[in-house]
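Trainee: Take each chain as given, in its own frame, and dock them per the hints.
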Amino acid sequence: DAKTTQPPSMDCAEGRAANLPCNHSTISGNEYVYWYRQIHSQGPQYIIHGLKNNETNEMASLIITEDRKSSTLILPHATLRDTAVYYCIVAIQGAQKLVFGQGTRLTINP
Amino acid sequence: SQTIHQWPATLVQPVGSPLSLECTVEGTSNPNLYWYRQAAGRGLQLLFYSVGIGQISSEVPQNLSASRPQDRQFILSSKKLLLSDSGFYLCAWNQGGSGELFFGEGSRLTVL
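Chains as they are written, first to last, in the numbering used here: chain R, 1 to 110; chain F, 1001 to 1112.
Isolated chain F, as found in the complex (with noise of 0.2 Å):
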């Protein structure tokens, strides 16, 4: 059976260091594979997505980076952490044709 994880759960990070969470899915190939991020109070917003290793779309400019390295492996990155980027962050995955979405648990980020 297909698995995702992403880690770690939670976070508390000073203004201006660095970010990298990490994705990985398990028991499937070539997954379509995203990044979300909820604002608390808010809805989610869809940051980047990749339907393939290398290929990366950006929804939003914004001070994040997306990788995808691995077939199954998705990492968001920032260089330099902002206050506004606080937020509960998801990683999620499908197979091409299906809008059928699997969502990790989460990772919630505090920028302080």
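Pulled out of the complex, with its shape left as it was, chain R reads as follows (with noise of 0.2 Å):
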């Protein structure tokens, strides 16, 4: 079973940031909190990971508490583009394998 848990869905205007939460608080201190997205009908994209400090890449930020019980994705500008299920995941560096939960659609509005 997925250790996290995801709003099923969330709405954002477009050019505005897109917060997406993500809570684990059962999440131990050797895991990792990674997002990944898929769009309809391709394969799920790797996003960012981090494991107490916040994160930021080209595609978003991700800020994870200073208990690591939550985290929260932000997806800056988003576009309509970033319409797509965003999944949260912990698992350790390492892990063989990452399990993943029903996620967030997240749908950009024009």
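Please note that the accuracy of each hint is not assured.
Listed next, the stretches of chain R that the computed footprint assigns to chain F, with coverage defined by at least 3 CB atoms under 8 Å from CB atoms of chain F [to be verified]:
hint, region
1, 10 to 23
2, 30 to 36
3, 97 to 107
Among the chain R residues that face chain F by a calculated CB cut under 8 Å, a handful are [to be verified]:
hint, residue
4, Gln42
5, Gly43
6, Pro44
7, Pro76
8, Thr83
9, Gly94
It should be emphasised that the hints constitute simulated quantities derived from the structure, not laboratory data.
For glycine and all other residues, C-beta sits at the position ideal for the given N, C-alpha and C.
Mentor: Structure (structure tokens):
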């Protein structure tokens, strides 16, 4: 079973920041938080991951709370192409398998 | 650069017929390989993973089997398909020690 809880769906206006929450209250000290997204009829795409520090790359920012029990993926300027299902996953680095939950269906509205 | 390919992209099969989906990875060696399935409107379910040639771990009991005859080849099979086998099948790979999975284009199977 997935170790994370995400809202099933969210909406965001184009050009605004999309903030996707994830709860992982049972995360252990050596587990990372990974984010993937899946555009319709395609394979999932890796976005970002982190352990305890906030991370940023060209796609998104990841904010992890100090107690590491929750995190937020931020898409700073959402576009229509960001409409997808976003998955939050916790796993140790080097885990042999990643378990995907139901994710959050993010819809970007014009 | 590394690439992953799986085929066929789509197929329609009758109940009781066999199945073979193939996945190959190029540009890397000794990858971990995975088969996921996504039923319509559902999340991703891990079916099998492999950390080396001939080493297969099954996550859920089912009508399917997997094999890894070569380092960068992963095959998903069934002797007799069921209606419930319909779905979107995804092959993926990563290197041991990395949580970044790379997925193939997917194979959409419809069993009638």
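Trainee: Hints first: check each against the structure and report whether it holds.
Mentor: To see whether the hints hold, each was checked on the structure:
1. 10 to 23: violated (count 0)
2. 30 to 36: It holds, with 3 qualifying residues against the three required.
3. 97 to 107: holds (count 7)
4. Gln42: Result: holds, 7 Å to nearest chain F Cβ.
5. Gly43: It holds, given that the least Cβ distance between Gly43/R and chain F is near 3 Å, below 8 Å.
6. Pro44: holds (5 Å)
7. Pro76: violated (21 Å)
8. Thr83: Since chain F brings no Cβ nearer than about 16 Å to Thr83/R, farther than 8 Å, the hint is violated.
9. Gly94: OK, holds: Gly94/R within 8 Å of chain F, min 4 Å.
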